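Student: Quick mapping for you: the protein sequence lines, in order, are chains A and B.
In case it helps, UniProt numbering puts the first sequence at residues 1 to 152.
In case it helps, UniProt numbering puts the second sequence at residues 1 to 152.
Keep in mind that the hints were calculated from the coordinates and are not lab data.
Since we're looking at a predicted model, the values are computed, not measured.
Honestly, I wouldn't trust all of these hints.
Treat identical chains as interchangeable: a pair holds within one or across any two.
[Said to hold, decoys possible] Derived DMTMM-like pairs: lysine to aspartate or glutamate, alpha-carbon spacing no greater than 20 Å straight-line:
id	residue 1	residue 2
1	K123	E72
2	K29	D43
3	K123	D8
4	K29	D9
5	K29	D4
6	K123	E88
7	K29	E72
8	K29	D8
9	K123	E106
10	K123	D87
11	K123	E134
2 protein chains.
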Amino acid sequence: MTTDLYLDDLAPGQVYGSGEVTVTAEAIKRFADAFDPQPFHLDEARAATSFFGGLAASGWHTAALTMRLLVEGAFRPAGGIIGAGMDELRWPRPLRPGDTIRLESEVLEVRPSRSRPAQGLAKVRTTTLNQHGEAVQVLVANLVVVRRPAGA
Amino acid sequence: MTTDLYLDDLAPGQVYGSGEVTVTAEAIKRFADAFDPQPFHLDEARAATSFFGGLAASGWHTAALTMRLLVEGAFRPAGGIIGAGMDELRWPRPLRPGDTIRLESEVLEVRPSRSRPAQGLAKVRTTTLNQHGEAVQVLVANLVVVRRPAGA
Numbered sequence: 001m002t003t004d005l006y007l008d009d010l011a012p013g014q015v016y017g018s019g020e021v022t023v024t025a026e027a028i029k030r031f032a033d034a035f036d037p038q039p040f041h042l043d044e045a046r047a048a049t050s051f052f053g054g055l056a057a058s059g060w061h062t063a064a065l066t067m068r069l070l071v072e073g074a075f076r077p078a079g080g081i082i083g084a085g086m087d088e089l090r091w092p093r094p095l096r097p098g099d100t101i102r103l104e105s106e107v108l109e110v111r112p113s114r115s116r117p118a119q120g121l122a123k124v125r126t127t128t129l130n131q132h133g134e135a136v137q138v139l140v141a142n143l144v145v146v147r148r149p150a151g152a
Numbered sequence: 001m002t003t004d005l006y007l008d009d010l011a012p013g014q015v016y017g018s019g020e021v022t023v024t025a026e027a028i029k030r031f032a033d034a035f036d037p038q039p040f041h042l043d044e045a046r047a048a049t050s051f052f053g054g055l056a057a058s059g060w061h062t063a064a065l066t067m068r069l070l071v072e073g074a075f076r077p078a079g080g081i082i083g084a085g086m087d088e089l090r091w092p093r094p095l096r097p098g099d100t101i102r103l104e105s106e107v108l109e110v111r112p113s114r115s116r117p118a119q120g121l122a123k124v125r126t127t128t129l130n131q132h133g134e135a136v137q138v139l140v141a142n143l144v145v146v147r148r149p150a151g152a
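The task is simple: from the sequences and hints, build the whole structure.
Tutor: The structure is reproduced here in structure tokens:
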């Protein structure tokens, strides 16, 4: 069972996991066709001679798949997952067709808001790992998280 | 006519524009259903009582639409738009149904690589503006850009 988390439940060092998803060449091309129509995301032959040396998912596809796993994963703030801004977003290696990814989300900081007592910020690093345990994305996000209401 | 850009063509202060795109409620929900299935991105009624006070696009949808405009815009590095990492990514206000967005991309820094003489990094700030000229996304990306080949 998953319980909604309030800011008061979060503490640095907590680690949350996720389910996993396998990305297909078809899904990589479909996303690229809609949002990032560059040859190395669309066409195996042209990708082979590109920077990536083979078909690779758009980084924004990796980010979108990460969000999906996050929303469905163990880290469930009561008010939803709302990013105020990112401190870091990078793609250390490409996401390839056939890769299976999962998340590790670690709480880095928890900061109640002075001006808005009903909420605060949590800084969370979410690492997206492929089936070899290698990072394909590192995201450090500042999330708006509500505080536990009095009596809850 | 758009000419492919090499690192050697870039200089701080240059500003590049883009075309525009209008986002519909249907597109917001379709993206959310695939990648960010949270009530405030999926359902007008539940969005009305949420943090966003109405239907809002997933930030990752805003990012993906921005990438599409970037790929089709005036800023066209010869090797493609390849992000090594982001220094900043934030969503100052929500992207709403009916909003029309366009980009302003400003070159902030240009840095040839010491270890790889054929390429370098360009730091580019891309601001995604709605029809009122308000920023819905600010992205500062470090892009891998190839240098002009000898004789080209």
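Student: Run every hint past the structure and note whether it holds.
Tutor: Hints versus structure:
1. Proximity of K123 and E72 under a CA criterion of 20 Å is satisfied intra-copy only: 19 Å inside one chain copy versus 34 Å between copies.
2. Only within a single protomer do K29 and D43 lie at most 20 Å apart by alpha-carbon distance; the minimum there is 8 Å, versus 28 Å between protomers.
3. Taking the shortest alpha-carbon separations for K123 and D8, only the intra-copy value of 14 Å comes in at or below 20 Å, while the best inter-copy value is 38 Å.
4. In this assembly of identical chains, K29 and D9 lie within 20 Å of each other by CA distance neither inside one copy nor across copies; the values are 40 Å within and 30 Å between.
5. Neither within a single protomer nor between protomers do K29 and D4 lie at most 20 Å apart by alpha-carbon distance, with minima of 35 Å and 23 Å respectively.
6. Taking the shortest Cα distances, K123 and E88 sit within 20 Å of each other both inside one copy (11 Å) and across copies (15 Å).
7. Taking CA atoms no more than 20 Å apart as the test, K29 paired with E72 passes between copies only; the shortest distance there is 17 Å, against 24 Å inside one copy.
8. With identical chains, the CA atoms of K29 and D8 are never at most 20 Å apart, being 42 Å at best within one copy and 31 Å at best between copies.
9. Only within a single protomer do K123 and E106 lie at most 20 Å apart by alpha-carbon distance; the minimum there is 9 Å, versus 28 Å between protomers.
10. Taking identical chains as interchangeable, the C-alpha atoms of K123 and D87 lie at most 20 Å apart whether they share a chain (9 Å) or sit on different chains (16 Å).
11. For the homomeric pair K123 and E134, neither the shortest alpha-carbon distance inside one copy (22 Å) nor that between copies (26 Å) is at most 20 Å.
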